[in-house]
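Q: The hints should help you fit chains B and C with the ligands onto chain A, whose structure is shown.
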Amino acid sequence: MRTASLWSTTVGKKIVMAVSGLIMVGFVIAHMAGNLQLFEGADRINTYSAFLHGPANEVLWIVRVVLLVAAIAHVVSAYQLTVLDRAARPVPYVKRELQAATIGSRTMRIGGVILALFILLHILHFTTLTLQPAPLTEGDVYGNVLASFRIWWVTAIYVIAMIALALHLYHGLWSSVRTLGFERGRLDPFKRPVAIALALVIWAGFTIVPVAVFFHLVP
Amino acid sequence: MNVTLRVWRQAGPGAPGKMVEYKATEISPEASFLEMLDVVNEELTLAGQEPIAFDHDCREGICGSCSMMIDGRAHGPNQGTATCQLHMRSFEDGATIFVEPWRVRAFPVVKDLCVDRSAFDRIIAAGGFITAATGGAQDANDVLVPKLSSDLAMDSAACIGCGACAAACPNGSASLFTAAKVTHLAQLPQGQPERYRRVVEMVAQHDSEGFGGCTLHGECQIACPKEISIDTIARMNRDYMVAAATMREEKVGGGSG
Amino acid sequence: MELRARVPEGPIEQKWDSHRFDMKLVNPANKRKYTVIVVGSGLAGGAGAATLAELGYNVKCFCFQDSPRRAHSIAAQGGINAAKNYQNDGDSVYRLFYDTVKGGDFRSREANVYRLAQISVNIIDQCVAQGVPFAREYGGMLANRSFGGAQVSRTFYARGQTGQQLLLGAYQALERQIGKGMVTMYPRTEMLDLVVIDGVARGIVTRNLITGAIESHAADAVVLGTGGYGNVFYLSTNAKGSNATAIWRAYKRGAAFANPCFTQIHPTCIPKSGEYQSKLTLMSESLRNDGRVWVPLARGDKRKADTIPESERDYYLERMYPSYGNLAPRDIASRAAKRVCDEGRGVGPTGLGVYLDFAAAIARVGEDAIRERYGNLFEMYQRITDENPYKVPMRIYPAVHYTMGGLWVDYNLMSTIPGLHVIGEANFSDHGANRLGASALMQGLADGYFIISSTIADYLAAKKLAPVDTTHAAFREAESRVAEMTRKLLATKGTRTVDSFHRELGSIMWEYCGMARNEAGLKIALEKIPKLRAEFWRDVNVPGSADTLNQALEKAGRVADFFELAELMCRDALERKESCGGHFREEYQTPEGEALRDDEHFAYVSAWEYAGDKAAPVLNKEPLDFEYVHLAQRSYK
Ligand SMILES: Cc1cc2nc3c(=O)[nH]c(=O)nc-3n(C[C@H](O)[C@H](O)[C@H](O)COP(=O)(O)OP(=O)(O)OC[C@H]3O[C@@H](n4cnc5c(N)ncnc54)[C@H](O)[C@@H]3O)c2cc1C
Ligand code: HEM
Ligand code: HEM
Ligand code: SF4
Ligand code: F3S
Ligand code: FES
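Line by line, the protein sequences are chains A, B and C.
At position 39 of the first sequence (counting the first as 1) the number is 39 in the numbering used here, and the numbers step up by one without a gap.
At position 170 of the second sequence (counting the first as 1) the number is 170 in the numbering used here, and the numbers step up by one without a gap.
At position 346 of the third sequence (counting the first as 1) the number is 346 in the numbering used here, and the numbers step up by one without a gap.
I should point out that these hints are in silico values taken from the structure, not numbers from a laboratory.
Calculated lysine-lysine pairs in the DSS-like style (CA-CA distance at most 25 Å, straight line):
(1) C:Lys493 <-> B:Lys23
(2) C:Lys528 <-> C:Lys493
(3) B:Lys18 <-> A:Lys95
Next up, chain A with everything else stripped away, as it sits in the complex (with noise of 0.2 Å):
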């Protein structure tokens, strides 16, 4: 018989992307409750990246790793499955209405792009500090994060993208649990919630430092 591959075929591929997207968002959750320490004042926040850098630092570099080879497999199979979908209808329909597809299952792609893009420069931004928007100094990611987000358009950028993301995961974590194959009862009263409070939270959580510190509410 052919091998069940997870790159021969659609079903793979969409495994693929389901275990790698996880994957991140298990690191974005971690993530999002870093920077809330913010809050708490500079050297909270210092010491938690010293210590990241310093101590942990194989821990992190682990991390960076499995994140690296996560969004690869994860960008790699949604172009790929882009692809082939976009090949499946070369001819549109001249009249076409959706009845059920959500504004999330529509903007996985472009969303997608956004996010690729976004991480990118975050990265430059934050960890090599190779784009300053504003001077910052490496090891001081309080001063950093303040410096950068007194600026409008980068709190902007930052505030786009994370809309981007909440609605990549306002569909993508209801459907992650569906391509990994759980699947309880026909109408599933309770996944769609839950995915989309969670979105929500990360959403939040995320957005709320920029905006703070945009604002000045940080101390």
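A: Frame of chain A; chains B and C with the ligands shown alone:
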């Protein structure tokens, strides 16, 4: 009642096509959508024009022949109905109705509203069966099937192979059709021995026919005249994942998945 | 011609077994050397093609739909009979045999019917093994329901979609063989002629419905499983495409046509609503298990059903047939409905309808139980009529449903043309003058899965066939005959559409050769039909061309055959001066208006033989004797 139709006309496979406008006059609201087209076709014939070609046979929603995109919805506005079960009373008097064939690469247009759905037959041929050559069967009641399993199997088995799922799917994916058959058979004890081979072969065939992947948009489930749930897709994915993870060809023992 | 039924010797219980032993076998290595053409992918054709391929024959299978899965068998709702006696209610092979012979009003061949009853048991086993999701009890065992014409529960069902599920089983088996390259499938291909060489069926000529190409296919044997011809009546419960073309053209090549006038009118269909009506929808007869049939006592009573008090209702089936009540056989229930409507007590806008009322059942077992049993039938009804049958009673009226007649076959299911086998509804074999509910699926599958596979071996092994291929002159002749007919149809370019002719033919048949027939009427029909047929060839308008998908052209060819078949049906009905089963001659009835059989003069199968376009067909008779089921007037009182 009177309606204006905008219908896709295409002389043959690969030929260029376009939307053409027709008037359907003094149609009874009790008439079915296909009966309305019959009337239009009779008039076209007498006017010396070629009638509109469309697939149909049973006209009671069970053979899966009829296949039209009506006003941008597969099988038209009503849920859980095939085109042939749609009645004119579901439309406003004076409405303009768009009628198009299924638009999926794997379903090339044959003529006007008729498409070639043989891709579905090939998906079944790839594994959508239980190998049980005539003659060898044991007594039917030797296999006990829990009522719930057989009801669930029946829910999936209700698929009429019309292709509306693929037609409605923004990705042109026939996942719902494939999943319906996979879960029908995986739900039953008799289906266990070939369970994993089946899902792998069928999904592979589904892809090589040129259908897209499933992003779980859920359009198919709304379009499906038999209201087959996308939960079947989740169950298909699960079986595929197990097959991929374990590389197992066959599952031993009974039970119903 | 002589009609050799080839019924094996011996006691009826042993006929089939001893016959299977006596029949020759084809050794496995040789099977693939034989090519068998199977026309039709319904229960009979699909099951037959799959099984023959499993055995190793090289099979070519044809159907006019775009997929074998869409054969008209898919529409069967109610269920399939089998003498399993799982309900322990006294059923047995013998009882199923007895019920079927009696139900067929003693016009079928005992030996065939007994074999059918025997095999019924294996069919259920086979289908369950294939994964057909029959209804189950909570314990996991198979559920049964009772059906018209029987007092035991022996009907297996899968929701309201039994035919679909059985067909999918056969279709999946067929696709498996197609995948293995054992069957070559030709969908959207219509058989337009049979090729007979040296008196033996050696192939067919087909039209590719997409390209219009006329093609020849040679074989060692030809099997027709092309279904019934109820669409002669234009309005019937059959699928729009169901047609007589394959068997009719075979008839014109020399196959005898048996009992053409035996048509079944089904009592529970949704009444016609207007001229545009293109087909009638059946409400499965299983509904009669829980529905009570009634009309108002007073003629012309136009009150809403729920406002008519019990005392002013006539539950006429329960009244006239106390022991069977609402489950009286189809022909009887249909005629009773016609009678009350003729009395002016019919309901609904047209006055051609009776009530099928579930109020009592809902009160007894509750709406959910009813929904569980008939949910999708009720939905179907509501979708079509816009009325809610849980609240107001259904309106039903009889409609043409099934044709017991068909090509004459012997015990081996071979027609009078050697090598031409006929299975399923297309043959006349098992149902006599009336078919009991849930027994056509049984027959189709018995023929396809279990009978043809062994009898065809006997034919192939016994006969030394000279090799032929499609270069043979006979194929050329058939091809040009087909091409010529196509040309004529397209050339006429008259003023009337094919449908308008078909509709007119249908109303003639319904009027004079329908539920009740009489000499005067049949004679009128025999005048009108040839006239209309002549006009058809003069004035039909078939648009489009021959070299593309042309649905009008397909229809035209089928209707042309219906004209000729309709005439034969009327002849047969006229010749059979008795009433039996679906054939009710008003001249021959008991004082209570029941069918009056004449076993002395008419206990035979009429097998009509084609004698050319000019000459009248020749009637041959296969006498029927009843050793086991004793001739008696059918009584369901
Ligand atoms: C609405 C309805 C409900 C029914 N319910 C029941 C029921 O509950 N129980 C029961 O026992 N019976 C029932 N019947 C009867 C039963 O369904 C049929 O008698 C039976 O399915 C016939 O099967 P078949 O294989 O002989 O023919 P079909 O299923 O009609 O198949 C005919 C095949 O032949 C092909 N064909 C025909 N002509 C040509 C041609 N010229 N060239 C190529 N191919 C051709 C078609 O494509 C098709 O594949 C019902 C019938 C109807 C109409
Ligand atoms: C407003 C929202 C965000 C803020 C304020 C923020 C802030 C930061 C900061 C300050 C760092 C540097 C940490 C350090 O070097 O110690 C960082 C690193 C990072 N952030 Fe964000 N981030 C945000 C959103 C996101 C999102 C949505 C993602 C992913 C989708 C993300 C992915 C990352 C990654 C991958 C790193 C690099 C981690 C490493 O390898 O060191 N960030 N972020
Ligand atoms: C890096 C850029 C990204 C791109 C290009 C991208 C693209 C996509 C696309 C196209 C899909 C839909 C796949 C399909 O169903 O066909 C998807 C699904 C998903 N994405 Fe992303 N995404 C990206 C980043 C992320 C991030 C950062 C996360 C998590 C924080 C994430 C989580 C998910 C999840 C959970 C799914 C659902 C998978 C499924 O439905 O099975 N993605 N992504
Ligand atoms: S799943 Fe539904 S929509 Fe798709 S083919 Fe089957 S019946 Fe049609
Ligand atoms: S609409 Fe398409 S994306 Fe999936 S859920 Fe249905 S197949
Ligand atoms: S015509 Fe058969 S399902 Fe519509």
